[in-house]
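A.B. asks: So the protein sequences, as listed, match chains A and B.
Going by our numbering, 80 is the number at position 80 of the first sequence; the sequence numbering is gapless.
Going by our numbering, 11 is the number at position 11 of the second sequence; the sequence numbering is gapless.
In case anyone wonders, no lab produced these hints; they're calculated from the structure.
Positions of the beta carbon are idealized from the N, C-alpha and C atoms, including for glycine.
Worth double-checking, as some hints may not be accurate.
[To be verified] Only some residues are given here: those of chain A computed to face chain B with a beta carbon under 8 angstroms: (1) His26; (2) Ala29; (3) Trp99; (4) Asn159; (5) Val175; (6) Met185.
[As the list claims (entries may be wrong)] Pairwise CB distance ranges (calculated): (7) Ser102(B) with Glu140(A): 46 to 54 angstroms; (8) Ala321(B) with Thr48(A): 42 to 50 angstroms; (9) Gln187(A) with Asp328(B): 29 to 37 angstroms; (10) Glu79(A) with Ala197(B): 36 to 44 angstroms.
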Amino acid sequence: MADRVTHATRKPPGRHPLPREFITRHQRARIIAALAEETVEQGYRSVTVADIVGRAGIARNTFYENFSSKEDCFLAASEFAVKEALRRVVDAASRVDAWPQRVNAGLAAFLGYVAGEPALARTCIVEALSAGPAAVERYERSIQAFVPLFRMGRKVAPNGDSLPATLEETIVGGVFWIIYQRIVMGQVEEIEQLLPELVEFSLTPYVGAEAARRAAAEGPPDKPSDGAE
Amino acid sequence: MLETEARPRTGDAERAQIVEALIEIAAERGYGETSIELVLERAGLDRPAFDRHFRGKYDCFLSAWQELNEECLATMVRAYESREEWTDRLRAVAREVIAGLSRDPSRAHFGIEVLAAGDAARARRDMTMRVIASLIDAGRREMEDPEAVPHTTAEALAGSAYGQIYSRVVRGRVEELPDLVPQLMSAAVLPYLGIEAAMAELGRESAAPDGYARPVARKKKAKTAKPPVDPAEYPPELARLPPGRHGLPREFVTHNQRERLIAGLAEAIAENGYSATTIAHITRAAAVSRRTFYEHFESKDQCFVAAYDTVMEELQGRVTAAFEESDDWAQAIRAGIAAMLEFLAAEPNLARLCMVEALVAGPAVVERYDAAIQSFVPYFREGREGRPKKVLDRLSPTTEEALVGGMVSLISRRIIAGRTEELQDLLPDLVEFTLTPYLGSAEAAKIAKQK
Chain A
1 MADRVTHATR KPPGRHPLPR EFITRHQRAR IIAALAEETV EQGYRSVTVA
51 DIVGRAGIAR NTFYENFSSK EDCFLAASEF AVKEALRRVV DAASRVDAWP
101 QRVNAGLAAF LGYVAGEPAL ARTCIVEALS AGPAAVERYE RSIQAFVPLF
151 RMGRKVAPNG DSLPATLEET IVGGVFWIIY QRIVMGQVEE IEQLLPELVE
201 FSLTPYVGAE AARRAAAEGP PDKPSDGAE
Chain B
1 MLETEARPRT GDAERAQIVE ALIEIAAERG YGETSIELVL ERAGLDRPAF
51 DRHFRGKYDC FLSAWQELNE ECLATMVRAY ESREEWTDRL RAVAREVIAG
101 LSRDPSRAHF GIEVLAAGDA ARARRDMTMR VIASLIDAGR REMEDPEAVP
151 HTTAEALAGS AYGQIYSRVV RGRVEELPDL VPQLMSAAVL PYLGIEAAMA
201 ELGRESAAPD GYARPVARKK KAKTAKPPVD PAEYPPELAR LPPGRHGLPR
251 EFVTHNQRER LIAGLAEAIA ENGYSATTIA HITRAAAVSR RTFYEHFESK
301 DQCFVAAYDT VMEELQGRVT AAFEESDDWA QAIRAGIAAM LEFLAAEPNL
351 ARLCMVEALV AGPAVVERYD AAIQSFVPYF REGREGRPKK VLDRLSPTTE
401 EALVGGMVSL ISRRIIAGRT EELQDLLPDL VEFTLTPYLG SAEAAKIAKQ
451 K
């Protein structure tokens, strides 16, 4: 309670040399981060706009310039997180050619993102369910966004065309579920260790158990050097 | 929808009527928009009727949800046991569960809306999910090398099956659910039996549940619209509730201030629920001053965590002591369960605090709750020692977790329904339920029936 985030990072009012658009984007990101932190601390339903504003160190007006309500802010948070996660996954996967390695790299990037942003992850993956129908629907859609990435696996699979139609949904849903469980159990730090098992789980239907296990054991291709971004 | 005329006890019928109305309204309007008034209007009952059965909207949601989860578990167990082969068993489960949801879309919608009630609702669902995962995980014993598949696979398959059903329901496409069965089955058998078995599943008919009657049918369940589960209608594994119970002396509350505050908290919570409880409620119930409260605790939350730890320590102490008294593992399990039920029945406020309210008291406590459940796993795991390979092959790595989960689920249900004092009646069922995987059902039933 006592240790609210300090306001040290707050811009002095009035005088900022940065372009307006940058400020706005930055502000939005800060508000979203504040929402996530507050949500983790007290659960989504108890969080108020006042809490968010206090944590972000901004004026109430500023909040309402960016979002119409707490719900609006929540939806923006999950949209932001999904876009960012997708971007990282696609980016990591596109650095390699072979399909199994792509899955390896993409999943590694995803787990890395979740582990690196525990508050945002908890907000979007766990708390989304108590944030009302719009959030639930958004959650559904965000899971769906990852489906096409796996569908490419059918091209390398000997039985590609005859695999179950919902296979990709199974894989993505399964990965999300495992991550959800680990977050609920408070084991976020261990999430990255799940990589080999999840790679094996995701690849088996396409390339068979043997090849999947080999790819999982190999691990992701050279980790993109730090600060790739 | 509900056939009330044949129900013997009017109280039960009334309660069922409210639950049924709640499910419908919540499915139509969502958690937030559901009010007690609307529910009562639909049920054609008045407020006193509601108050006879529930402490509020939240309580009503949680109780209904608990019942649906148990109904689902019971259905799954019945379906699973109606077949011999693992794939047939799993298919029977999938078909039955999906048939149930298709028959009654409002239950399916309710299952989604109720999640807005928070951690407790999620935790109940996750218990059910653990059981489903362990049914899938049994697939490893069909393999030459049972360790060849990672343990997370079954968990992931269960979770994604749930996700796929969930997304159809959210989009209002309940009628598509039966088509999912072959897909789900195909995905589930693939890691264990390989691609050919998975393809074969795709070619099978989707729905057509073909009546999974057990050889010795107990009580016929209505094919449609079931009333909330009556313990008498549990599957054989969980049925048989012998009459008679024994009250026990209260001995937990002492004169110690801190413990008095903890007892005060438990009492206040039993009366008001966690979120509505104030420090004033606690100090009044404990008969101490506000200052004394703050000498011991900084906040209600902190007091709750202390209370939870104290209660669990006491409970675990008793279970361990009882367990260690017997050299025979099965008898030790029986004694441990008996000690747990005895303690909870004797201390209804504490029972409610640690089994029900803990789930709504914030992440710190939910984590402890999970850890507490895990702490009971090793007792069961000991049961593997010295068992023949045939038995061990049948157990999955998550068997113990599922057993504890199922047990806790049954106990919480009684507490939520305000029937804490009847908890000891559950002993034979719980003993049989937990011992069967290790000893087989005949031997387990024998031990369960001992006096």
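A.B. asks: Each of the hints needs a verdict: does it hold here or not?
C.D. replies: Structure-based check of each hint:
no.	hint	in the structure
1	His26	29 angstroms, violated
2	Ala29	24 angstroms, violated
3	Trp99	17 angstroms, violated
4	Asn159	6 angstroms, holds
5	Val175	7 angstroms, holds
6	Met185	6 angstroms, holds
7	Ser102(B) with Glu140(A): 46 to 54 angstroms	20 angstroms, violated
8	Ala321(B) with Thr48(A): 42 to 50 angstroms	47 angstroms, holds
9	Gln187(A) with Asp328(B): 29 to 37 angstroms	36 angstroms, holds
10	Glu79(A) with Ala197(B): 36 to 44 angstroms	40 angstroms, holds
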